[in-house]
Amino acid sequence: MADPRLERLADVVVNYSAAVQPGDLVVLEATPLAAPLVRETYRRVLAAGGHPEVRIAVDGVAEALLDDGNDAQLGWVSPARIEQIEHADVRIVFESEYNTRSLSDADPARQALVQRARKRLGDRLFERAAAGELRWLVTLWPTQAAAQEAGMSLGEYEDFVFRAGFLDRDDPAAAWREFGERLDGLAEWLGRARELRVVADGTDLRLGVGGRTWVASSGHENFPDGDIFTGPVETSVNGEIAFSFPAAFGGRVIEGVRLRFEAGEVVEASARRGGDFLQEMLALDDGARRVGEFAFGLNDAITEFTLNTLFDEKIGGTVHLALGKSYPETGGQNTSALHWDLVTDLRVGSEVYADGEVVYRDGRFLDLP
Amino acid sequence: MTDPRIERLADLVVNYSIELTEDQVFRIDGFAIAEPLALAIYRAALRAGARPYTNLSLDGLAEILVAEGSDDQIIYLSPVQWAEIEELDALVTIWSETNTKSFTRSDETKHGALIAAQRKLSNRRWERIAKGELRWCGTLHPTHAHAQDAAMSLADYEAFFFGACHTDKDDPASHWQEVSHTLQARADDLASVQELRIVGPGTDLRVGVGGRTWIPADGRYNMPDGEVFTSPVETETEGEIRYTFPAIFQGREVEDVRLRFAGGSVVAAESSRGQAYLRQLLDLDAGARILGEVAFGLNYEIDRFTRNILLDEKIGGTMHLALGAAFQQAGGKNSSALHWDMICDLREEGEVYADGELVWKAGQFLEAAPVAVAAARG
Numbered sequence: 001m002a003d004p005r006l007e008r009l010a011d012v013v014v015n016y017s018a019a020v021q022p023g024d025l026v027v028l029e030a031t032p033l034a035a036p037l038v039r040e041t042y043r044r045v046l047a048a049g050g051h052p053e054v055r056i057a058v059d060g061v062a063e064a065l066l067d068d069g070n071d072a073q074l075g076w077v078s079p080a081r082i083e084q085i086e087h088a089d090v091r092i093v094f095e096s097e098y099n100t101r102s103l104s105d106a107d108p109a110r111q112a113l114v115q116r117a118r119k120r121l122g123d124r125l126f127e128r129a130a131a132g133e134l135r136w137l138v139t140l141w142p143t144q145a146a147a148q149e150a151g152m153s154l155g156e157y158e159d160f161v162f163r164a165g166f167l168d169r170d171d172p173a174a175a176w177r178e179f180g181e182r183l184d185g186l187a188e189w190l191g192r193a194r195e196l197r198v199v200a201d202g203t204d205l206r207l208g209v210g211g212r213t214w215v216a217s218s219g220h221e222n223f224p225d226g227d228i229f230t231g232p233v234e235t236s237v238n239g240e241i242a243f244s245f246p247a248a249f250g251g252r253v254i255e256g257v258r259l260r261f262e263a264g265e266v267v268e269a270s271a272r273r274g275g276d277f278l279q280e281m282l283a284l285d286d287g288a289r290r291v292g293e294f295a296f297g298l299n300d301a302i303t304e305f306t307l308n309t310l311f312d313e314k315i316g317g318t319v320h321l322a323l324g325k326s327y328p329e330t331g332g333q334n335t336s337a338l339h340w341d342l343v344t345d346l347r348v349g350s351e352v353y354a355d356g357e358v359v360y361r362d363g364r365f366l367d368l369p
Numbered sequence: 001m002t003d004p005r006i007e008r009l010a011d012l013v014v015n016y017s018i019e020l021t022e023d024q025v026f027r028i029d030g031f032a033i034a035e036p037l038a039l040a041i042y043r044a045a046l047r048a049g050a051r052p053y054t055n056l057s058l059d060g061l062a063e064i065l066v067a068e069g070s071d072d073q074i075i076y077l078s079p080v081q082w083a084e085i086e087e088l089d090a091l092v093t094i095w096s097e098t099n100t101k102s103f104t105r106s107d108e109t110k111h112g113a114l115i116a117a118q119r120k121l122s123n124r125r126w127e128r129i130a131k132g133e134l135r136w137c138g139t140l141h142p143t144h145a146h147a148q149d150a151a152m153s154l155a156d157y158e159a160f161f162f163g164a165c166h167t168d169k170d171d172p173a174s175h176w177q178e179v180s181h182t183l184q185a186r187a188d189d190l191a192s193v194q195e196l197r198i199v200g201p202g203t204d205l206r207v208g209v210g211g212r213t214w215i216p217a218d219g220r221y222n223m224p225d226g227e228v229f230t231s232p233v234e235t236e237t238e239g240e241i242r243y244t245f246p247a248i249f250q251g252r253e254v255e256d257v258r259l260r261f262a263g264g265s266v267v268a269a270e271s272s273r274g275q276a277y278l279r280q281l282l283d284l285d286a287g288a289r290i291l292g293e294v295a296f297g298l299n300y301e302i303d304r305f306t307r308n309i310l311l312d313e314k315i316g317g318t319m320h321l322a323l324g325a326a327f328q329q330a331g332g333k334n335s336s337a338l339h340w341d342m343i344c345d346l347r348e349e350g351e352v353y354a355d356g357e358l359v360w361k362a363g364q365f366l367e368a369a370p371v372a373v374a375a376a377r378g
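As they're listed, the protein sequences go chains A and B. Per our numbering, residue 1 is the first one in the first sequence, and the count goes up by one each step. Per our numbering, residue 1 is the first one in the second sequence, and the count goes up by one each step.
If you are wondering where the hints come from, they were derived from the structure by calculation, not from laboratory data. From the three backbone atoms N, C-alpha and C, an ideal C-beta is built for every residue, glycine too. Please note that a few of the clues may not be correct.
As the list claims (entries may be wrong) - Pairwise CB distance ranges, derived in the manner of DEER restraints: (1) A:Glu255 with B:Ser153: 46 to 52 Å; (2) A:Arg273 with B:Asp72: 24 to 30 Å; (3) A:Pro36 with B:Gln250: 24 to 30 Å; (4) B:Ile64 with A:Glu133: 24 to 30 Å; (5) A:Arg273 with B:Ile75: 51 to 57 Å.
Unchecked claim - Short derived list, chain A residues pointing at chain B, Cβ under 8 Å: (6) Pro79; (7) Gln84; (8) Trp136.
Said to hold, decoys possible - Derived list of chain A stretches under chain B, where covered just means 3 residues or more per stretch with a C-beta under 8 Å from a C-beta of chain B: (9) 53 to 59; (10) 62 to 72; (11) 214 to 228.
My request is simple: use the sequences and hints to build the entire structure.
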């Protein structure tokens with residue numbers, strides 16, 4: 001018998017997150033490891049009246065391209081990717097990796113080339129999403145590689161993943177709706193603040209957020225989900241921040257990242273491990289040195305760090321900021337081929353001030369609306 | 001490490017079959033189970049300087065669509081698929097089933113609707129191939145399902161399959177170049193023939209081929225390959241034929257098919273199993289009772305029937321005569337939604353006469369084709 005949590009995941013993804021409508025072209029992307037979830041989701045899309053189109057990624061293709069591709073090949077984007085972004089009504093990506101570290105030895109400059117080429121895809125996706133023409137969703141199917149990254153057995157990791165998505169509950173969609181209402185209230189309340197100051201070990205950072213919109217992430221574009229985010233005023237970020245969690249990005253891990261900002265730009269950057277890659281990413285383009293997103297992680301069903309941004313950035317009691325591209329719906333204006341979420345733990349010895357007043361301490365908002 | 005036979009197959013398909021060149025947009029189609037070959041082909045295409053990308057699907061989805069989809073969903077063709085077909089310079093299809101019988105219990109009407117809808121896409125693909133705008137090759141990734149159909153272990157089936165492609169040896173491309181010369185010479189030799197008479201157990205059939213072009217199938221469109229074929233004159237098939245191997249169409253088998261032709265059309269059809277299906281296919285449309293293809297299977301590495309048309313139609317020493325759609329490039333005019341290859345084993349007691357002269361006996365042409373002439377030209 002199939003794990004009932006798998007069926008609930010497929011159901012929530014199709015009927016709550018993506019809210020598939022009759023006639024929708026629904027593109028599903030995954031590796032072969034996610035086959036059970038892809039089949040179940042395919043079924044649900046049909047039942048919802050949609051047209052599912054499945055693309056299975058081939059393990060090793062990314063590595064092969066980075067190893068053997070010439071510059072023209074690295075900078076090329078397939079018609080499948082372009083046409084999908086152009087025609088899909090819904091795009092669902094199932095993260096389902098064989099090996100989370102397979103790109104560790106790849107040349108960062110070549111990775112940057114690939115990323116720059118794919119920027120216009122991301123831009124077009126967000127453009128269509130902002131126009132209400134396309135819904136997109138990233139979720140995860142638990143694999144041994146992801147479990148290994150988290151330092152768990154597959155069974156333990158499945159429990160972790162499904163718990164984070166409230167899939168251990170009878171009616172996950174109802175739980176997400178309720179949680180979403182709480183996040184909406186918080187987002188509205190934060191919308192009144194002009195400046196945030198984050199203070200913690202190695203961190204004293206000021207961000208201007210006046211006039212920007214806080215958006216609640218309640219399981220529609222990421223699943224699981226649970227944060228509220230905005231795009232800070234581009235020139236307003238000052239001070240320094242130390243990220244307590246390692247950052248997994250581009251198939252490698254960077255540890256002990258510290259950044260110092262002046263007038264919105266990174267002026268100093270260091271990392272205990274992966275410093276070269278950090279510098280390469282910061283040099284990607286003009287927008288890569290600016291903050292595109294600042295967010296509070298609020299999902300208390302995620303307590304553990306697992307080296308996967310999809311989960312880590314939602315850990316209740318954390319904040320994350322992303323270097324690079326901002327989300328237009330926040331009012332953010334930064335553009336970049338980069339969007340790199342860096343997460344830091346605020347559950348111990350931290351405070352956040354809104355316009356001078358303490359509003360958050362040790363991972364909790366003090367005065368929840 | 002990748003199986004070197006897979007590496008060689010990938011290299012052969014990219015550089016010999018498709019002759020992929022720099023900057024060409026190249027899609028690799030298949031099922032997830034074909035990942036190792038898909039990746040090897042992707043790598044070979046990168047080395048050729050092309051722009052490859054993979055397009056793998058997952059087994060079991062089409063079955064779900066037929067079982068659970070509405071009529072609209074079953075016949076839906078995505079704008080993404082239409083757009084991609086126009087942008088490709090080259091395409092490889094990797095056949096790789098995980099279950100060759102998965103549609104056995106599907107609703108025939110719904111399954112038929114799916115096939116008919118998909119044919120619209122493949123018709124456009126064939127149109128671009130015929131115009132020379134798109135290069136295509138179909139090959140296979142050995143799976144347990146294919147091995148099971150052949151009643152072999154996977155290891156034995158792999159040895160059989162890669163042997164048929166000559167990728168179990170170094171430099172398969174030069175083998176196929178030689179095959180190409182030999183088949184071209186054979187095709188040239190057959191060009192002047194007006195009528196073939198095929199004689200075997202239960203078979204005495206005359207097929208008019210005058211004025212038609214014989215085409216060597218030398219590994220460009222299929223890998224493995226190895227046949228020469230043409231499309232017979234539509235009104236000039238007379239007599240009877242008994243197909244020794246089961247005739248398979250879309251996974252369903254009809255056994256011991258016996259057909260009688262008069263004036264080019266099937267006038268009587270019998271079988272020992274699957275008679276209703278045989279009649280249904282013959283009645284599909286006006287062209288379904290007329291031969292669209294006659295061919296000699298000449299790949300002698302393929303020495304057994306394995307229930308896969310890619311391989312079966314090339315079995316050295318067989319002939320296949322297909323009902324339905326003809327090949328325009330051969331001069332054929334018959335059109336039909338059917339193209340049903342049926343294979344006749346002539347290895348034991350078969351004889352073929354060309355304009356009255358015995359040219360083929362017991363699965364072999366009696367005289368070697370004039371290779372030297374072809375080689376000089378080629």
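Each hint, compared with the structure:
no.: 1; hint: A:Glu255 with B:Ser153: 46 to 52 Å; in the structure: holds, 49 Å
no.: 2; hint: A:Arg273 with B:Asp72: 24 to 30 Å; in the structure: violated, 54 Å
no.: 3; hint: A:Pro36 with B:Gln250: 24 to 30 Å; in the structure: holds, 27 Å
no.: 4; hint: B:Ile64 with A:Glu133: 24 to 30 Å; in the structure: holds, 27 Å
no.: 5; hint: A:Arg273 with B:Ile75: 51 to 57 Å; in the structure: holds, 54 Å
no.: 6; hint: Pro79; in the structure: holds, 4 Å
no.: 7; hint: Gln84; in the structure: holds, 5 Å
no.: 8; hint: Trp136; in the structure: violated, 15 Å
no.: 9; hint: 53 to 59; in the structure: holds (count 7)
no.: 10; hint: 62 to 72; in the structure: holds (count 6)
no.: 11; hint: 214 to 228; in the structure: violated (count 0)
Hints 2, 8 and 11 from the list above are not met by this structure, while the remaining hints are.
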